[in-house]
Amino acid sequence: MKILTIKNLVVSVGEKRIIGGINWEVEQNTIIGLTGKNGSGKTTLAQVLMGNEQLQIEKGQVTFEGKDLLTMSADERAKAGIYVSWQQPMAVPGVSIFSLAKAMLMARGEKINNLVEFRENLEELLTKIGLPKEYAKRSVNEGMSGGERKRLELMWALLSPPILLILDEIDSGLDEEGRKRVGQIVWELRKQGVTIIVISHYREFLHDLGIKQIMVMDKGKIK
Amino acid sequence: MKKGLSEELVAELSAVKNEPEWMRKRRMEALTQFETMPIPTWGADLSQLKWDEINYYLRSVERPYKSWDEVPGEVKQVMEQVGVPQAEQAYLAGVTTQWESEKIYGSLKESLAKQGVIFCSMDEGLRDYPEIVKKYFGKIVPYGDNKLAALNTAMWSGGSFVYVPKGVKVELPLQAYFRINSERAGQFERTLIIAEEGSSVHYVEGCSAPAYSSASLHAAVVEVIVKPGAKVRYTTIQNWYNNVYNLVTKRARVETNAKMEWVDCNLGSYVTMKYPACLLVGEGAHGEMLSIATASADQHIDAGAKMIHLANNTSSRIISKSISQKGGRSSYRGQVKVAPGLTGVKAKVVCDALIMDEISRSDTYPNNQVMSGTAQIEHEAYVSKLSEEQTRYLMSKGLTKEEAEVMIVRGFLEPVVAELPMEYAVELNRLVKLEMTGSVG
Numbered sequence: 001m002k003i004l005t006i007k008n009l010v011v012s013v014g015e016k017r018i019i020g021g022i023n024w025e026v027e028q029n030t031i032i033g034l035t036g037k038n039g040s041g042k043t044t045l046a047q048v049l050m051g052n053e054q055l056q057i058e059k060g061q062v063t064f065e066g067k068d069l070l071t072m073s074a075d076e077r078a079k080a081g082i083y084v085s086w087q088q089p090m091a092v093p094g095v096s097i098f099s100l101a102k103a104m105l106m107a108r109g110e111k112i113n114n115l116v117e118f119r120e121n122l123e124e125l126l127t128k129i130g131l132p133k134e135y136a137k138r139s140v141n142e143g144m145s146g147g148e149r150k151r152l153e154l155m156w157a158l159l160s161p162p163i164l165l166i167l168d169e170i171d172s173g174l175d176e177e178g179r180k181r182v183g184q185i186v187w188e189l190r191k192q193g194v195t196i197i198v199i200s201h202y203r204e205f206l207h208d209l210g211i212k213q214i215m216v217m218d219k220g221k222i223k
Numbered sequence: 001m002k003k004g005l006s007e008e009l010v011a012e013l014s015a016v017k018n019e020p021e022w023m024r025k026r027r028m029e030a031l032t033q034f035e036t037m038p039i040p041t042w043g044a045d046l047s048q049l050k051w052d053e054i055n056y057y058l059r060s061v062e063r064p065y066k067s068w069d070e071v072p073g074e075v076k077q078v079m080e081q082v083g084v085p086q087a088e089q090a091y092l093a094g095v096t097t098q099w100e101s102e103k104i105y106g107s108l109k110e111s112l113a114k115q116g117v118i119f120c121s122m123d124e125g126l127r128d129y130p131e132i133v134k135k136y137f138g139k140i141v142p143y144g145d146n147k148l149a150a151l152n153t154a155m156w157s158g159g160s161f162v163y164v165p166k167g168v169k170v171e172l173p174l175q176a177y178f179r180i181n182s183e184r185a186g187q188f189e190r191t192l193i194i195a196e197e198g199s200s201v202h203y204v205e206g207c208s209a210p211a212y213s214s215a216s217l218h219a220a221v222v223e224v225i226v227k228p229g230a231k232v233r234y235t236t237i238q239n240w241y242n243n244v245y246n247l248v249t250k251r252a253r254v255e256t257n258a259k260m261e262w263v264d265c266n267l268g269s270y271v272t273m274k275y276p277a278c279l280l281v282g283e284g285a286h287g288e289m290l291s292i293a294t295a296s297a298d299q300h301i302d303a304g305a306k307m308i309h310l311a312n313n314t315s316s317r318i319i320s321k322s323i324s325q326k327g328g329r330s331s332y333r334g335q336v337k338v339a340p341g342l343t344g345v346k347a348k349v350v351c352d353a354l355i356m357d358e359i360s361r362s363d364t365y366p367n368n369q370v371m372s373g374t375a376q377i378e379h380e381a382y383v384s385k386l387s388e389e390q391t392r393y394l395m396s397k398g399l400t401k402e403e404a405e406v407m408i409v410r411g412f413l414e415p416v417v418a419e420l421p422m423e424y425a426v427e428l429n430r431l432v433k434l435e436m437t438g439s440v441g
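Protein chains in written order, with this note's numbering: chain B, 1 to 223; chain F, 1 to 441.
These are calculated hints, taken from the structure and not from any lab test.
Derived DSSO-like pairs (lysine-lysine); straight-line CA-CA distance at most 27 Å:
| # | chain 1 | residue 1 | chain 2 | residue 2 |
| --- | --- | --- | --- | --- |
| 1 | F | K385 | B | K102 |
| 2 | B | K37 | B | K16 |
| 3 | B | K111 | B | K79 |
| 4 | F | K401 | B | K102 |
| 5 | B | K59 | F | K401 |
| 6 | B | K128 | B | K191 |
| 7 | F | K135 | F | K166 |
| 8 | F | K385 | B | K137 |
| 9 | F | K401 | B | K111 |
| 10 | F | K401 | B | K137 |
| 11 | F | K401 | B | K79 |
Remember, predicted model here, so these are calculated numbers, not experimental data.
Bound-form chain B, shown alone:
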């Protein structure tokens, strides 16, 4: 079964055409690597799927689980089960990781009955991705290194596992230990039935993750 279908997608940023007609189908319950040179359009594609309204969709259709994705706002997509990690996650001063975690679950209609238990679970997830549990109190991404931000991006996916996970250059800025940990978590999510697209400059990283199906993006097209 196809979980994601992209038909004849053409996308521009300002005057510049970045994606020039993509046709792509992603099978449910798979893990796919997507690689390509700088500027080939990988991140733009991820941002289109995420719902970045700054990108101009000139043509095409994107269907996710039978829904017309392009008519949905970013938050509707997130709630429908798409999670796109950010290449450069934004700092949100004064908003703690704990508050955002709570808001994320509540946005998905989950009730948090026991805040103490919730905090303990969150701390466990932080430890799992290799961040100190004290980070629960810290502002989202503020004062954190690039690698720490990447780990945190993955933590949000663990907190509320999506249906389709798109990791956009999760490996950049990560040390070896971090990359190993990402690999473990990716496969853990994979075993839970999450469909995963891993975007990276480095084919090696995709190989190391054990991904068999690797697509190449070149000049705004997928090969």
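We have chain B; now place chain F onto it with these hints.
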């Protein structure tokens, strides 16, 4: 109901209160001063204020509501939404009936009394502790200070009187609404706080729910005396209805190694002009100001702080956060002054303004007068628009645009909100959401 101000009115007020002669005289002098002083032409625009149309004295029979049932549903509803306790709701609405708080806070009052702490209305203070009041009243803010201080001195009624004896540390915050007033007179409140050597106290006034007022002009005066080694924190949450001119003079005298902290949140009113000050007169004295201002449609909040360094090794810090939205205007106006020849003086000012849309406005008017070559003065000012990138980031995590914006604004205010007592912080966060979205749900 008579409008405008007159000698007869001042005399009547003083007589009703059965005041000592010196206070009656002081009121009369202040009245003359008020009449001769010019209306401030700097700061917010006061030219539309109709001084002759104002009711300067609301006699008890003229109060807006006599019972909770008469309070408009709109006011009640907002209070419910923001989660203001029932006892406090009645007070804020100006209902003068006796309320639950007598029972709730009775034991607190008792324990304060055992330590020699005085906490009562200013009227009671003048009646029961005339020597202390006479010694300090008008010493920090004399009536000649400015037109509104003169008006307040002539017409003051209500406010708090707090006296903390030497070495006594008051653990729980003293909250203005604990006071049982036989009359509610928020119009020209007069507050006097004296913290003796080595003592400490936290005073809290106001509430985040909109306080309905039938009076269009509020001019409070607050005087705080912080004796050597003492510490006072004064927290205000001001949310007057959008018809009110709120023109307040607040000043503290901070002595050797003493510490004064103003925490000031201005949410409501039509026009606010307020610049709490610290006179750092003793060596090692420290002054601090943490403030929040939110200006929405038709509002102009002109607020800031003054730190006057008058002794060696004094330090001060001002952190001002403002939000302008829906066409509102917020201005920071602050002054740091260092007297000539002082050594070891440090001052820091951080102004952080967030503008939510294209029609709102924010200004910064800093004024530093530093007569000492060795003083370390830092000034940082930031003006930012609500970040679309941050909004997008949070939306990609599943928050709606509105939820994302509320979260960013709360985050922006967090450094100041974190300093508020818990229940106020909760109320303030709800209120920010209510102001931005029209609901707290």
